[in-house]
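Listed here are the chains, written in short residue letters.
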Amino acid sequence: ILNVEQSPQSLHVQEGDSTNFTCSFPSSNFYALHWYRWETAKSPEALFVMTLNGDEKKKGRISATLNTKEGYSYLYIKGSQPEDSATYLCALNSGGYQKVTFGTGTKLQVIP
Amino acid sequence: ETGVTQTPRHLVMGMTNKKSLKCEQHLGHNAMYWYKQSAKKPLELMFVYNFKEQTENNSVPSRFSPECPNSSHLFLHLHTLQPEDSALYLCASSLSTATGNGYTFGSGTRLTVV
Chain A
1 ILNVEQSPQS LHVQEGDSTN FTCSFPSSNF YALHWYRWET AKSPEALFVM TLNGDEKKKG
61 RISATLNTKE GYSYLYIKGS QPEDSATYLC ALNSGGYQKV TFGTGTKLQV IP
Chain B
1 ETGVTQTPRH LVMGMTNKKS LKCEQHLGHN AMYWYKQSAK KPLELMFVYN FKEQTENNSV
61 PSRFSPECPN SSHLFLHLHT LQPEDSALYL CASSLSTATG NGYTFGSGTR LTVV
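Chains as they are written, first to last, in my numbering: chain A, 1 to 112; chain B, 1 to 114.
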């Protein structure tokens with residue numbers, strides 16, 4: 001069983017602050033790393049699928065980086081807004097659909 | 001609305017009941033999945049269907065029985081569940097089961113077994 005760890009488990013930031021959190025994973029058998037945003041009572045929403053070491057992806061104020069050699073990905077949110085409040089999940093694909101392992105998520109609360 | 005619709009949103013059932021969860025997508029995706037999320041735990045893969053064929057049963061007890069009549073619909077039939085089966089059940093779909101495809105999730109069914 002692979003261990004995908006996300007830190008911190010939760011955090012509170014003030015509106016306007018920038019923040020980041022981490023997804024750590026075993027670097028062997030890496031195929032892809034997914035990030036999802038999951039707002040309460042809604043569906044998890046795909047943010048990024050990252051496959052290459054050194055990948056950087058951006059969607060509005062949210063960006064992500066990937067280091068497959070050391071086994072981590074960072075998610076950054078610039079100028080946090082209350083609507084960014086959600087749980088952010090990462091998922092490691094280590095080889096096909098049956099080898100997708102989710103982390104427990106980072107719960108972000110942005111305080112107006 | 002993501003394009004993956006799950007019904008019902010909430011379900012309370014007794015241990016002797018039989019119920020079914022439904023998932024529907026019209027995104028043209030060929031792979032569909034059932035995931036379970038229990039409190040404080042990561043999402044756990046239960047079943048995978050690819051082109052209507054079940055390709056994965058992740059050691060799920062037989063009281064959970066999936067059905068995929070076509071590429072757009074997925075069911076999870078429930079019978080004689082236990083209280084510890086209470087959880088959020090999420091359906092997801094993807095273009096295929098290939099590595100680079102992200103999932104589109106439904107909003108889930110919150111199941112309570114009493």
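No wet-lab data here; the hints were simulated from the structure.
One or more of the hints may lead you astray.
Distance windows between CB atoms, simulated [claimed, not checked]:
hint: 1; chain 1: B; residue 1: K22; chain 2: A; residue 2: Q109; range: 18 to 26 Å
hint: 2; chain 1: B; residue 1: P61; chain 2: A; residue 2: P112; range: 42 to 50 Å
hint: 3; chain 1: B; residue 1: T55; chain 2: A; residue 2: I111; range: 25 to 33 Å
hint: 4; chain 1: B; residue 1: L27; chain 2: A; residue 2: E39; range: 19 to 27 Å
hint: 5; chain 1: B; residue 1: H77; chain 2: A; residue 2: E39; range: 23 to 31 Å
hint: 6; chain 1: B; residue 1: E67; chain 2: A; residue 2: E39; range: 25 to 33 Å
hint: 7; chain 1: A; residue 1: E39; chain 2: B; residue 2: E84; range: 42 to 50 Å
hint: 8; chain 1: A; residue 1: G16; chain 2: B; residue 2: E67; range: 30 to 38 Å
hint: 9; chain 1: B; residue 1: K52; chain 2: A; residue 2: P112; range: 41 to 49 Å
Idealized CB from N, CA, C, for every residue including glycine.
Violated hints, by number in ascending order, as checked against the structure: 1, 3, 7 and 8
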